[in-house]
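If you want the building blocks of each chain, they are given just below.
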Amino acid sequence: MAQQAHADEHRDDIGSRFGMWLFIFTELLLFAGLFITYSVFRYKNWQAFHLAAEELDVFIGALNTVILLASSATIAMSITALQQKRKILSLSLMGFTLMVGIVFLVNKYFEWSLKFEHGLYPGSETLVELGKGEVLFFGLYFFMTGLHALHIIIGLVFIGVVFNYVIKDKITHDNFVLLENAGLYWHLVDIIWIFLFPLFYLIT
Amino acid sequence: MSHNDEKPHIIPYKTFLLVLLALLAFTFISIGVTSYNLGPLTVLIALLLATFKTILVLTYFMHLKYDVKMFAILVAAVLALIAVVIFITFLDYLFR
Numbered sequence: 005m006a007q008q009a010h011a012d013e014h015r016d017d018i019g020s021r022f023g024m025w026l027f028i029f030t031e032l033l034l035f036a037g038l039f040i041t042y043s044v045f046r047y048k049n050w051q052a053f054h055l056a057a058e059e060l061d062v063f064i065g066a067l068n069t070v071i072l073l074a075s076s077a078t079i080a081m082s083i084t085a086l087q088q089k090r091k092i093l094s095l096s097l098m099g100f101t102l103m104v105g106i107v108f109l110v111n112k113y114f115e116w117s118l119k120f121e122h123g124l125y126p127g128s129e130t131l132v133e134l135g136k137g138e139v140l141f142f143g144l145y146f147f148m149t150g151l152h153a154l155h156i157i158i159g160l161v162f163i164g165v166v167f168n169y170v171i172k173d174k175i176t177h178d179n180f181v182l183l184e185n186a187g188l189y190w191h192l193v194d195i196i197w198i199f200l201f202p203l204f205y206l207i208t
Numbered sequence: 435m436s437h438n439d440e441k442p443h444i445i446p447y448k449t450f451l452l453v454l455l456a457l458l459a460f461t462f463i464s465i466g467v468t469s470y471n472l473g474p475l476t477v478l479i480a481l482l483l484a485t486f487k488t489i490l491v492l493t494y495f496m497h498l499k500y501d502v503k504m505f506a507i508l509v510a511a512v513l514a515l516i517a518v519v520i521f522i523t524f525l526d527y528l529f530r
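If you're matching them up, the sequences are chains A and B in order. In this text, residue positions in the first sequence follow the working numbering: the first is 5, and each later residue adds one. In this text, residue positions in the second sequence follow the working numbering: the first is 435, and each later residue adds one.
Each hint should be verified, as a subset may be incorrect.
Below, a list of computed lysine to aspartate or glutamate pairs in the DMTMM-like style, where the Cα atoms sit at most 20 Å apart [to be verified]:
#1 A:Lys174 x A:Asp17
#2 A:Lys112 x A:Glu59
#3 B:Lys503 x A:Asp17
#4 A:Lys48 x B:Asp526
#5 A:Lys119 x A:Asp61
#6 A:Lys174 x A:Asp61
#7 A:Lys89 x A:Glu31
#8 A:Lys112 x A:Asp178
#9 A:Lys91 x A:Asp173
#10 B:Lys448 x B:Asp526
#11 B:Lys499 x A:Glu58
#12 B:Lys503 x A:Asp16
Heads up, incomplete: computed chain A residues facing chain B, CB under 10 Å, no partners named [what the hints assert, rightly or not]:
#13 Val110
#14 Lys112
#15 Gly123
No lab work stands behind these hints, which were simulated from the structure alone. No experiment lies behind these values; they were computed from the predicted model shown. Glycine residues also receive a C-beta, built at the ideal position from the N, C-alpha and C atoms.
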């Protein structure tokens with residue numbers, strides 16, 4: 005496709021965002037199902053969940069929360085910057101989102117490694133000895149934060165592609181719906197974390 | 435139906451900064467509150483604060499306030515659906 009800053013005859017930005025929102029709804033339902041599973045198991049094994057949740061590091065969870073919230077704000081601002089035709093600023097803000105997104109994953113790596121070192125991973129002997137409630141808690145912990153981390157990776161790739169398009173002027177101040185959609189996806193990832201953090205790290 | 439030109443709405447940086455500050459404040463409040471053991475109240479407060487944060491993200495970061503009304507209505511409908519499913523699931527588990 006050629007650069008089409010002004011070729012807007014076949015464009016439907018609202019339709020494009022509508023498609024993104026429909027996809028986001030399926031994601032919300034997917035995670036809602038997991039949150040319900042977590043809630044029911046917590047209700048039925050509250051003592052084990054209480055003990056298991058104490059194992060998680062609130063500091064690293066809080067750090068990752070701050071990282072995600074800030075990265076969400078910068079990707080939102082990058083749209084404003086692009087609308088004002090400030091391309092470099094827009095790219096810098098997106099670059100910040102990409103950078104701290106990677107920091108989030110690095111933190112997750114260290115967090116999980118520490119759990120593995122303590123023998124806490126799905127199917128481990130330590131976990132089986134601890135009992136059924138702990139198996140459920142850590143099973144859900146690894147599955148839900150893992151699925152969330154997968155979404156972070158997809159979001160980073162999406163924003164990376166958009167970043168590249170902005171450089172090449174395929175996304176411009178009057179044609180930026182793809183940047184908006186990448187932003188919407190990143191904010192969804194943010195919202196999921198907003199619930200994961202208190203449910204796994206804070207409520208003990 | 436061509437709507438491409440109807441939203442040159444530029445949201446100022448300041449709005450996003452203020453929203454970010456509010457989100458961070460809610461985060462630290464929830465960390466503070468949950469460090470006290472208030473029983474079931476802890477869960478309620480933590481989830482309530484998470485809900486406030488979600489509303490802020492949806493309204494400002496995801497532009498629902500500035501976008502076509504249809505998106506906000508659909509999001510509300512999906513969230514209502516999720517709430518109903520949670521409610522019915524717990525009706526089952528609590529009164530078994």
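Outcome of the hint check:
At most 20 Å may separate the alpha-carbon atoms for a hinted pair to count; A:Lys174 and A:Asp17 meet this at roughly 15 Å. Under the criterion of a C-alpha separation no larger than 20 Å, the hint pairing A:Lys112 with A:Glu59 is consistent with the structure, at around 15 Å. This hinted pair checks out: B:Lys503 and A:Asp17 have alpha carbons roughly 15 Å apart, not beyond 20 Å. Distance check on the hinted pair: A:Lys48 and B:Asp526 sit about 13 Å apart at the alpha-carbon level, within 20 Å; holds.
Distance check on the hinted pair: A:Lys119 and A:Asp61 sit about 10 Å apart at the alpha-carbon level, within 20 Å; holds. Annotation: proposed proximity of A:Lys174 to A:Asp61 is violated, straight-line Cα distance about 43 Å (limit 20 Å). At most 20 Å may separate the alpha-carbon atoms for a hinted pair to count; A:Lys89 and A:Glu31 exceed this at roughly 32 Å. Of the supplied pair hints, the one linking A:Lys112 and A:Asp178 is violated, its CA atoms being roughly 37 Å apart against a limit of 20 Å.
Of the supplied pair hints, the one linking A:Lys91 and A:Asp173 holds, its CA atoms being roughly 9 Å apart against a limit of 20 Å. Under the criterion of a C-alpha separation no larger than 20 Å, the hint pairing B:Lys448 with B:Asp526 is inconsistent with the structure, at around 46 Å. At most 20 Å may separate the alpha-carbon atoms for a hinted pair to count; B:Lys499 and A:Glu58 exceed this at roughly 39 Å. The straight-line distance between the Cα atoms of B:Lys503 and A:Asp16 is roughly 16 Å, inside the 20 Å bound, and the hint therefore holds.
The interface hint given for A:Val110 is broken, as the beta carbon of that residue sits about 20 Å from the closest beta carbon of chain B, more than 10 Å. Checking A:Lys112 against chain B by beta carbon gives a least distance of about 18 Å; that is not within 10 Å, so the hint is violated. Taken as an interface hint, A:Gly123 does not check out: its beta carbon lies about 27 Å from the nearest beta carbon of chain B, beyond 10 Å.
Hint violations for this structure: numbers 6, 7, 8, 10, 11, 13, 14 and 15, all remaining hints satisfied.
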